[in-house]
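Enquirer: One letter stands for each residue in the lines below.
Number of protein chains: 2
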Amino acid sequence: MTDADGSLLLRTPHELLAALRAQEAGSHVRVALDAMGGDLAPVETVKGALAVAGEHLSLVLVGRRAVLEPLVAGAPHVEIVPADDVISSSEEPAKAVRGRPDSSIVVAARLVADGQADALVSAGSTGAVLAASLLYVRRLKGVSRPAICQLMPSMPLPIVFLDMGANADVRPEHLRQFAVMGQAFATEVLGLERPTVGLLSIGEEPTKGNQLVIEAHRLIAADEQINFYGNVEGRDLMNRKVDIVVADGFTGNVAVKVTEGTARAILGAIKGAVTGSTRAKLGAALMKPHLQRIRAALDPEEYGGAYLLGMNRPVVIAHGNSRARGIGNAVLAAARAVTSGLLPTIAARLGADGSDEPPTGAV
Amino acid sequence: MTDADGSLLLRTPHELLAALRAQEAGSHVRVALDAMGGDLAPVETVKGALAVAGEHLSLVLVGRRAVLEPLVAGAPHVEIVPADDVISSSEEPAKAVRGRPDSSIVVAARLVADGQADALVSAGSTGAVLAASLLYVRRLKGVSRPAICQLMPSMPLPIVFLDMGANADVRPEHLRQFAVMGQAFATEVLGLERPTVGLLSIGEEPTKGNQLVIEAHRLIAADEQINFYGNVEGRDLMNRKVDIVVADGFTGNVAVKVTEGTARAILGAIKGAVTGSTRAKLGAALMKPHLQRIRAALDPEEYGGAYLLGMNRPVVIAHGNSRARGIGNAVLAAARAVTSGLLPTIAARLGADGSDEPPTGAV
Numbered sequence: 004m005t006d007a008d009g010s011l012l013l014r015t016p017h018e019l020l021a022a023l024r025a026q027e028a029g030s031h032v033r034v035a036l037d038a039m040g041g042d043l044a045p046v047e048t049v050k051g052a053l054a055v056a057g058e059h060l061s062l063v064l065v066g067r068r069a070v071l072e073p074l075v076a077g078a079p080h081v082e083i084v085p086a087d088d089v090i091s092s093s094e095e096p097a098k099a100v101r102g103r104p105d106s107s108i109v110v111a112a113r114l115v116a117d118g119q120a121d122a123l124v125s126a127g128s129t130g131a132v133l134a135a136s137l138l139y140v141r142r143l144k145g146v147s148r149p150a151i152c153q154l155m156p157s158m159p160l161p162i163v164f165l166d167m168g169a170n171a172d173v174r175p176e177h178l179r180q181f182a183v184m185g186q187a188f189a190t191e192v193l194g195l196e197r198p199t200v201g202l203l204s205i206g207e208e209p210t211k212g213n214q215l216v217i218e219a220h221r222l223i224a225a226d227e228q229i230n231f232y233g234n235v236e237g238r239d240l241m242n243r244k245v246d247i248v249v250a251d252g253f254t255g256n257v258a259v260k261v262t263e264g265t266a267r268a269i270l271g272a273i274k275g276a277v278t279g280s281t282r283a284k285l286g287a288a289l290m291k292p293h294l295q296r297i298r299a300a301l302d303p304e305e306y307g308g309a310y311l312l313g314m315n316r317p318v319v320i321a322h323g324n325s326r327a328r329g330i331g332n333a334v335l336a337a338a339r340a341v342t343s344g345l346l347p348t349i350a351a352r353l354g355a356d357g358s359d360e361p362p363t364g365a366v
Numbered sequence: 004m005t006d007a008d009g010s011l012l013l014r015t016p017h018e019l020l021a022a023l024r025a026q027e028a029g030s031h032v033r034v035a036l037d038a039m040g041g042d043l044a045p046v047e048t049v050k051g052a053l054a055v056a057g058e059h060l061s062l063v064l065v066g067r068r069a070v071l072e073p074l075v076a077g078a079p080h081v082e083i084v085p086a087d088d089v090i091s092s093s094e095e096p097a098k099a100v101r102g103r104p105d106s107s108i109v110v111a112a113r114l115v116a117d118g119q120a121d122a123l124v125s126a127g128s129t130g131a132v133l134a135a136s137l138l139y140v141r142r143l144k145g146v147s148r149p150a151i152c153q154l155m156p157s158m159p160l161p162i163v164f165l166d167m168g169a170n171a172d173v174r175p176e177h178l179r180q181f182a183v184m185g186q187a188f189a190t191e192v193l194g195l196e197r198p199t200v201g202l203l204s205i206g207e208e209p210t211k212g213n214q215l216v217i218e219a220h221r222l223i224a225a226d227e228q229i230n231f232y233g234n235v236e237g238r239d240l241m242n243r244k245v246d247i248v249v250a251d252g253f254t255g256n257v258a259v260k261v262t263e264g265t266a267r268a269i270l271g272a273i274k275g276a277v278t279g280s281t282r283a284k285l286g287a288a289l290m291k292p293h294l295q296r297i298r299a300a301l302d303p304e305e306y307g308g309a310y311l312l313g314m315n316r317p318v319v320i321a322h323g324n325s326r327a328r329g330i331g332n333a334v335l336a337a338a339r340a341v342t343s344g345l346l347p348t349i350a351a352r353l354g355a356d357g358s359d360e361p362p363t364g365a366v
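Those sequence lines, one after another, are chains C and W.
Taken in order, the first sequence gives residues 4 to 366; the numbers are from our numbering.
Taken in order, the second sequence gives residues 4 to 366; the numbers are from our numbering.
Rather than coming from a laboratory, the hints here were simulated on the basis of the structure.
None of the values given here were measured: they were computed from a predicted structure.
All the pointers check out, no bait thrown in.
Note: identical chains are not told apart, hence a pair may lie in one copy or across any two.
Here are the simulated lysine-lysine pairs, DSSO-like style, with alpha carbons at most 30 angstroms apart:
(1) Lys244 to Lys284
(2) Lys98 to Lys144
(3) Lys274 to Lys291
(4) Lys50 to Lys291
Bound-form chain C, shown alone (with noise of 0.2 angstroms):
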């Protein structure tokens, strides 16, 4: 396994952003911001933009002007388009957004779809960006379902995982396409060499799972091109037994959260010592720096957010409570994927499968 450029092992924006234009040098990449998505918006999404903008990488901010200009300043490097318009996480996804095409994630997956802007980037509501994605950005030609995707938290280094929840309902042949995509986003945008790709069940045997896991084996099995460890277990996430994970929707989001959950639950007791005795107080003062690290590798926000993979143009789904720095992360991951070669090798490795159902919408 091979970090080629470093990449995963970079924690802050500008040390992103400083690999980022040290590589693309010359090149320039233009991404569509919805600055109105996310608990912390507008402030939290125009402080990030503001800060991994440059000459490399221009914004797009898509919300309320009056409210956007005052944040923005005059800052070099970001425009504003207006729209006047919000979906609330508590709105069904697919209908608020063919209803409201004058809300932010509509007009800026149109700005990407129309092609004046590269990529999207939201943290608005996960269901809102999917089904703006699916409507106006659309897959790429063979792509039976798009995958959410994301780098998750692991030892010692992160395990790119999909899919979070984009598809409740899978048949094995849609696994195998999550199987094709994230190692091309191994391989592309994270730079590893040959990464592995293992499927998660209950057991390492290729008969262990349910009927959708040990058919969906088989055909990941039969394809040559996937570097196939075989089946890993739910422990084996965090001690990154491979590369890459491929889960239905339903099964990657949960135990996505329950990583989350039981990471909060003990770092949480840690934390309890300083309310315990005199002893763990000053032993939990003198860890600190160390539970600190501990922590940052385990914070989500760290890498910015999720790819929906499998469109015509790179999006990303940064956490519904990113504060600045899991924006700017997200939109250098989204800016790192329009340079990549992530969408050609997609497009070559399934543009043939031809396939063209209906997603079916999840999380």
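With chain C fixed as given, assemble chain W onto it according to the hints.
Expert: Positioned in the frame of chain C, the structure of chain W alone reads:
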């Protein structure tokens, strides 16, 4: 939520045994223990059995007499029933159970089926315990599928979680039955008053989930005898939003293993401090008692193992790598189930359902 007799908070076999003795004074329970099952059998299985055997709790150790006799050394309340064969975890369970009538798990299961013991405990292959139980102990009338139910580490109290993997593919009605059995367990074995049931999904709304879960939600909500909270998410396991969480065996097994893997990775990383800076080393040393408490709360061996719910007699599947303490806890857990109202409650609630389809083993 009431924890009537504090049993959930009891930790050591001795405390559990004291509670059991206090409660069930006068009653006498006989547990059949597969003495050859488990990675550390028979030394640790026998040691665990001897630690908990007593006036009110006798044990039938099933296995090779020549091996067991020196270990038992004439201890009181412990009997040996010979079985010369052992099923290993690499064998296909159903086939092995049918073909090896002299194996320790099969002989133990038959003792229970014949009424010569009240409950079955084994740390052997989960699949073999499941197969032997289905064949000999058999399901309670009306139970479509037995479910593996475990007390899962959570904070501040463990959570009742099922199915952990007896059924990789289920129908919505099976999930409703799991809810009924989990509620019976929490009420009758743990002594919780009106425990709440959550259905593991990928969103709180009844419309969130895969087709299986959406339909199961409808069935469980319509069952007035289930104290249904609604859907819970993966992150709610550790924060214990409900007393009982129901899932299909595939998702359940993934969730449990993700929890274990995440806990191990984080605690391992914290332990890594002892090889870090002097400051972190000192901090870790001072925090050691606090960390040990957290580690103990997360240790699955504290809970002795998993219950196979829905059988005619209590069956407890101990962890394969159980040491004496884990085996002792598993025996106490089985004894506790015998003297509780668990089986009559499940029978009363599901007896009228009357379905009798074949189960699908998974793990």
